[in-house]
Amino acid sequence: MVTLYRPGEGPWYRLPTGWKTALLLVVVLAVCLLPPTWWAAGAMAAVCVACYAVPGIGLRELVRQAWAARWIVAVTLAGQLIFLDPEHAVANAARVTTAITLAGLLTLTTPATELLDTVERAMRPLARLGLDPQRAALTLSVTLSTLPVLARLARDVREAQLARGGGRSLRHFAMPFLVMVLKHADELGDALAVRGVR
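In short: position in the sequence shown from 1, add 104, done, that's the working numbering.
Hints are computed from structural coordinates only; laboratory data are not their basis.
None of these values were measured; they are calculated from a predicted model.
Positions of the beta carbon are idealized from the N, C-alpha and C atoms, including for glycine.
Honestly, I wouldn't trust all of these hints.
Cβ-Cβ distance ranges computed for the label pairs, FRET-style [said to hold, decoys possible]: (1) S245 x P190: 19 to 25 Å; (2) L296 x E191: 42 to 48 Å; (3) V179 x R239: 28 to 34 Å; (4) A297 x L163: 41 to 47 Å; (5) A178 x G234: 27 to 33 Å; (6) P215 x L163: 32 to 38 Å; (7) P139 x L296: 27 to 33 Å; (8) L230 x P115: 37 to 43 Å; (9) V177 x L296: 27 to 33 Å; (10) P252 x A297: 33 to 39 Å.
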């Protein structure tokens, strides 16, 4: 879902990490404040297109990011349709899609180390309140590295399922995927414990 850094050139790559992070955060917050209407959903789509339709990125990458998040968007939309009318449901799903694709744009154009350094620097003033900036940056690092791993595990389980003639049964997919996720979590926990992280 969240794609890690890919080297490239263009305005998003040249923008300093702090400014880029702040700009995208402001855009996501502004999108969240839009009313849940059809025109707002269209405006959110236009924001995504504008952010990706620059040299060095392109709309093909936007489609790829949105496709990677399709299940999250589908579950969000289905859940919203149970309780809300279609206009509100579509607008809320568009918000989620916009947030995911803009987060993807940030990680796509920013090396993880630069992003983590920026987060750590931004959180230093909160150390007075008891927040550990290094631990917060480590949490973000683990999250960013885990999402692509989970996507790869899901793909591996699905390919193995299809190779065995298991079809596309969710029931047959869920158990092996859960076992692999728990195994990965165990290995990650052991690796962090060895490095003294509790």
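Quick rundown of the hints versus the structure:
no.	hint	verdict
1	S245 x P190: 19 to 25 Å	39 Å, violated
2	L296 x E191: 42 to 48 Å	45 Å, holds
3	V179 x R239: 28 to 34 Å	30 Å, holds
4	A297 x L163: 41 to 47 Å	44 Å, holds
5	A178 x G234: 27 to 33 Å	39 Å, violated
6	P215 x L163: 32 to 38 Å	24 Å, violated
7	P139 x L296: 27 to 33 Å	43 Å, violated
8	L230 x P115: 37 to 43 Å	30 Å, violated
9	V177 x L296: 27 to 33 Å	31 Å, holds
10	P252 x A297: 33 to 39 Å	23 Å, violated
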